[in-house]
Amino acid sequence: MSRKILWSVVALIYAFMLAPILITAAVSFNAVERSYFPPRGFSLHWWSMAMTPQWTGPFLFSLKLAALSAVATAVLGLPLALALRWPSFRGRGTLQALTLGPLVLPSLVTGIALLQFLTLAGVGNWIGLPALVIGHVVICLPFMVRTLSISLDSIPINAEIAAASLGASRLRVLIEVTLPLARSGGGAGMIFAFISSFDDVNLALFVARPGQTPLTVQIMQFLEYGFSPTLAALSIISLLVPLALVALFGRLVGIGNFIYQDHGHA
Amino acid sequence: MPEAALELRGLTKHFGASVTVGPIDLIVRQGEFVTLLGPSGCGKTTTLNMIGGFVTPDAGGIHLAGSPVETLPPWRRDLGIVFQDYALFPHRTVAENIGFGLRMRRVGRAEIARRVYEAMQLVRLDGLGDRRPGQLSGGQRQRVALARALVIRPSLLLLDEPLSNLDLKLREEMRIEISTLQRRLGIAALFVTHDQEEALTMSDRIAVMRGGRIEQLGSAREIYEAPASAFVAGFIGSTNLIRGSVIAPRQPGGTVRVDTGAGPAMIPIVGDLPDGGAVLLMIRPERLKLASPGAAPEGTNAWSAQVVRTIYLGGRMEVRLRLRDGGTAIAYAVNEGETDWDEGEMVDAWFRPRDAWVIPGPAEDSDAQATNCLR
Ligand SMILES: Nc1ncnc2c1ncn2[C@@H]1O[C@H](COP(=O)(O)OP(=O)(O)OP(=O)(O)O)[C@@H](O)[C@H]1O
Ligand SMILES: [Mg+2]
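Residue numbers (our numbering), protein chains in the order written: chain C, 947 to 1212; chain F, 67 to 441.
Hint data in this document are derived by calculation from the structure and do not stem from the laboratory.
Keep in mind that this is a model prediction, so the values were computed, not measured.
Be a bit skeptical, because a hint or two may be false.
Partial list, derived from the structure: chain F residues whose beta carbon lies under 7 Å from chain C [claimed, not checked]:
id	residue
1	G118
2	F120
3	P140
4	I147
5	F149
6	D151
7	H157
8	F166
9	G167
10	M170
11	R171
Pairwise CB distance ranges, derived in the manner of DEER restraints [said to hold, decoys possible]:
id	chain 1	residue 1	chain 2	residue 2	range
12	C	A1190	F	R180	42 to 48 Å
13	F	D233	C	L1185	48 to 54 Å
14	F	Y183	C	L1041	45 to 51 Å
For glycine and all other residues, C-beta sits at the position ideal for the given N, C-alpha and C.
The shape of chain F in the complex, shown without the other chains (with noise of 0.2 Å):
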């Protein structure tokens, strides 16, 4: 089995005593794209320029293709770095500051070239060598920017935010060709954003992070529907965090049923639960079903509900429902034409048991923040 591109053994970094970024574990393969998702000030950036070189931790290893570079200055790590700023150098071409990393390596001049004129037409910047920094759309630069990064063919592409001084269209665009492009080079990547959506469409595997550490690892998916905790739930998507416990821990058919305020739960067993112990019922609101009252399918989890407000959405129409205790909670409905819930009309929400997720523990008072709809 080849190295691991990276490997991070218990990075820290303290700044001052209360603010700690670390100790981060973490693992990317070979060819693997790797997003570290978090809120501002999570310590995303400090992670990235502590592996850059930039940033000297306090404690932990860092391999880069399997051997340490802790001790390395950041010019003979061998990374390539995109920025959020592009960091151009704007008193240089196009190429040359595409070339600038193959110069510094004492490549040769034809060599440069070459490989200069591969790199533009890679990110599609053909016949714009000539031009400075200053003359170029932001797209554009952030096309040099990555094109200057690829052409040394680093072990490594550690990518900061790249896309957030781009509007919302030519974003959306970039980020699919900055990952067809990692996929057709092979190139393991490590990409930061706070940006969900980015997280989710460009990632192989998504870190999100939370106070200086990785709260959970693991693909869209699983980060999607079966997050570790209320934090990453709500950080993700919007979601439905009900509170309850757990009554059953083991009925018959490899369910648990949880008692919340709304109503009973049965659900699959997903690790260990306590009897009685506090948890989160996690269920997206996509996955959160209407029906009129009694009309919920046989062996689903249906609660009765009463509607507060539907919001036409175009696609979709979210319908804003009461509980039975009072609590608030979100339903997509697909707009297919036919139904129409009227505001205040009392309906069934059902869900199927495996649409529900149970997270251990109850809601941190900080988690009530991240959460889009915690009762």
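Isolated chain C (complex conformation) (with noise of 0.2 Å):
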């Protein structure tokens, strides 16, 4: 009976997540220059629309964008997470609160003093790729961090000790342990810094330039003559794409028991 009742809340529960998707998906199907829901007639016009330069540009870009952001988020959230580990680091605390401090600021925030810092540091040619990347690294930092220290906090205690002990220096025990033990959770950093990336346009509105524009900013745009069924093939391919990436990604990290991973203790 109580299962029942479970079951049927998360039915629900799912049927309010997905129901705007299928909508959506069942949308750009539409024959006419319209958003009619239910569609009317079947139509690959707006996909194919959606395949043109136009878009398919933004869309690599965000792609490119958001592989970067997501690597250069692991390269710098490694060391800081690292040194937050370490007991006798001194300015820990100031680090903590530095690395986990943007958590707290609107990206649109963010944006605006990244634009208005490198237009006054003389870099204004760096607003672009290059900006673009810093501001997503800034904002995905504080979760990369995170997630490797409950990743490395979760490395029994005396086994960096033990391997230190078998004959392997400081760096053969950050390859050989340390590293592998926090793949998990620099896989689950760099999939949220890869998805926060791709979605944003805070930030992006701010620090893109003409051809170097996100699929975010560019809906944006667009958007300012009307809405037509293109978006909403947009849609489903920004949906899927990105899923797919983060999906095969996961699988060969083993993201999938970031949150359930048992490290063989007691």
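Given two chains presented individually in distinct reference frames, assemble the corresponding complex, making use of the accompanying hints.
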């Protein structure tokens, strides 16, 4: 009985989450230039419109941006997380505040600040891809540091000491024990960075430039002329492609057990 | 004579102003099994960590097989360490865990495979090489940890409470297994525990630690039968400690007379005992015998006492006694199915002179907590 109720609730929640997506998908097959639901007629016209360079350019740019941001976040987050773990590290509190701070800052504010900073610093030509990557790294770093720290904390207390006693130098311990065990946290952080970079519009609005515009900004600009079923098709593409990439990456890194990982404690 | 496997000279570590571990002097001979035994916080792990190179000592020297290692990093000390939490690498298989030290030493693949196989046979883990630590039981994990430490043929094996995460039955099994293995391989071992039974059953010698120092170092028998202090006497086994004073240090026949509130006792001379000096008389409960009043054998020390309680323990009876001055004592009587002591009954509690041991000096307050039965 209570099982039935549980399942109904779960089904309802899923319906609530999936319905808009399904509606959007349906709308993209309209045969007329209006976003009717249920769709009138059936055509792939809007899908072929979504495949034109006007859209594929920003779409590929967004993928590139997201991938770069994810990698850069990991590269910067790892030393930070390792430093935060060092018990006798003096600037620990400060560093923690600095890395976790941007979490509470609206990305809109970060965007404006970044734009002003780059202009004032005389590197206005960074606006575009470099600025976007910098901005997204700032936004995603706190999350990366957290997930990495969780992974690092779950390493058996003496595993690294044991490795050292067995003849591994500090570098070897890092490569053989610490990093492999931080993998799932790093993977989770990278997926988060990838998705939030791909989804971001608030920050990108300020630091994108023509030719280096992510899909989200392109859509925003297009919306000024009204909605079209092309956008519905685009939405579905930009939902499925990153999802597939993330799923693939997750499989490779073993992200699935990030939360449930049993590190072999007693 | 070969070099000692381990020699510690004045090894000291300060933690802040109040906590000091050391100075510790200790020699572990080749092939010897030495145990550091002591209560929580007495500095056992710190000592091991200094030997392993994970804690830098403030003073003193460490020699492994004759050469100083204080300045060597942990990975160049050539030690096998077994930890309480096993400290296995969760992302590696059992075979990879065991082979790790060999791989770090750049041993060839075939050789690693061969030695890992041997080590797995040694600790009875055959066939589990492809499992991950998470798929093993506690006892199996501890065997992997042991194999991983042994396979590199270290000059010294360090074990920090390796059995305390296991349940009682397994613990007893592993005790025997570890010491058999250690003996067979002839590897010197320094073993840390706060479990007296573990220490007694496994060790060639025991170092009883207290407050960061070694209070006594000796064989299990010496520690148990001739403790150097009330703390050692109380830490190992149950004991009766009775306050007394030396009345006549030099009696004919090589005995001294000690007077206590429960009665006088003649005991063999041990070392120098000052006339009139305060001492503690130690009598282990199994050496304190009971007899009907007046029936104690000739030539023994007999004190009149009243039975307060008897506790049936199967193979033996624990008899709680009230002595003449109101203090209590415990005697273990072997359960031979004959005598039963009734509560309230008057008896003679007797012991042979050589069954008592004299500990110089009065009891300190802190000793009182450590001893089971102190008056
Ligand atoms: N890093 C440290 N900083 C400050 N004090 C420490 C540190 N490590 C150990 N101590 C102190 O040194 C003393 C000895 O600690 P140690 O861990 O060696 O005890 P132990 O004998 O191993 O105890 P246990 O049986 O509980 O494991 C304790 O008082 C402990 O609080
Ligand atoms: Mg300890």
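Hint check:
no.	hint	result
1	G118	holds (6 Å)
2	F120	holds (6 Å)
3	P140	holds (4 Å)
4	I147	holds (4 Å)
5	F149	holds (4 Å)
6	D151	holds (6 Å)
7	H157	holds (5 Å)
8	F166	holds (5 Å)
9	G167	holds (4 Å)
10	M170	holds (4 Å)
11	R171	holds (6 Å)
12	C/A1190 / F/R180: 42 to 48 Å	holds (46 Å)
13	F/D233 / C/L1185: 48 to 54 Å	holds (52 Å)
14	F/Y183 / C/L1041: 45 to 51 Å	holds (47 Å)
Hint compliance for this structure: no hint is broken.
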